[in-house]
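Asks: Here is how the chains run, residue by residue.
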Amino acid sequence: GIQVEQSPPDLILQEGANSTLRCNFSDSVNNLQWFHQNPWGQLINLFYIPSGTKQNGRLSATTVATERYSLLYISSSQTTDSGVYFCAAGSPTSGNTGKLIFGQGTTLQVKP
Amino acid sequence: NAGVMQNPRHLVRRRGQEARLRCSPMKGHSHVYWYRQLPEEGLKFMVYLQKENIIDESGMPKERFSAEFPKEGPSILRIQQVVRGDSAAYFCASSPGTGGPYSPLHFGNGTRLTVT
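Residue numbers (this note's numbering), protein chains in the order written: chain E, 1 to 112; chain A, 1 to 116.
Calculated directly from the structure, the hints in this document are not laboratory data.
Every residue, glycine too, gets a C-beta built ideally from N, C-alpha and C.
To give an idea of the chain A side of the interface with chain E (calculated C-beta under 10 Å), a few residues:
| hint | residue |
| --- | --- |
| 1 | Y35 |
| 2 | E41 |
| 3 | A89 |
| 4 | N109 |
Quick list of simulated restraints, FRET-style, between CB atoms:
| hint | chain 1 | residue 1 | chain 2 | residue 2 | range |
| --- | --- | --- | --- | --- | --- |
| 5 | E | T93 | A | P39 | 24 to 32 Å |
| 6 | E | S26 | A | K27 | 30 to 38 Å |
| 7 | E | T20 | A | R14 | 44 to 52 Å |
Here are some of the chain E residues that sit facing chain A, going by a computed Cβ distance under 8 Å:
| hint | residue |
| --- | --- |
| 8 | Q42 |
| 9 | N45 |
| 10 | K99 |
| 11 | L100 |
| 12 | Q104 |
| 13 | G105 |
Please build the complete structure, drawing on both the sequences and the hints.
Replies: If you want it as structure tokens, here you go:
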């Protein structure tokens, strides 16, 4: 099955700094999503982005499917951005479903 | 428009007891997914259900775990004879189906199971 690897595993930023989180996947995907798990454990969907680029406020994401990676950009980071960021991928063999393989996550701490 | 509702938020069981976790999908959604997050690990797919059908249970442990999504009512994840290793956060997500354009996956707030 698909392997999903995220880097870096941990990241500490000063408030206001920018960062880039990376997600590599081992095979073709028809589904690629980014999630934020906040310190209370809630999982929030940030992007559904199997290819191309999307932006939502200070966050943007780019997936280059042919090169099997996705990037999540956080600009002007805030303390509320702290938490764990997960990348998750779905295989075409799973069809058009929500069966996803999650990476191990990047733990982000933003200091005031 | 209520999101995915899970209850209880926290559940404490003693070893050997049964745990029942409930999930009500978003309005209009007929597909439900269960994921488990073990301490210090990422999320792992467990099972994918449609109303009255299990579509994919490839991530479910072979013993003690079962899931259902009846015609009426919430989806239930049932764990029999719980052991300490079952302590985890269990998340449910729903989607409208596979017939149309794919939708992002939205999760409930999870049930945190603690086995003592």
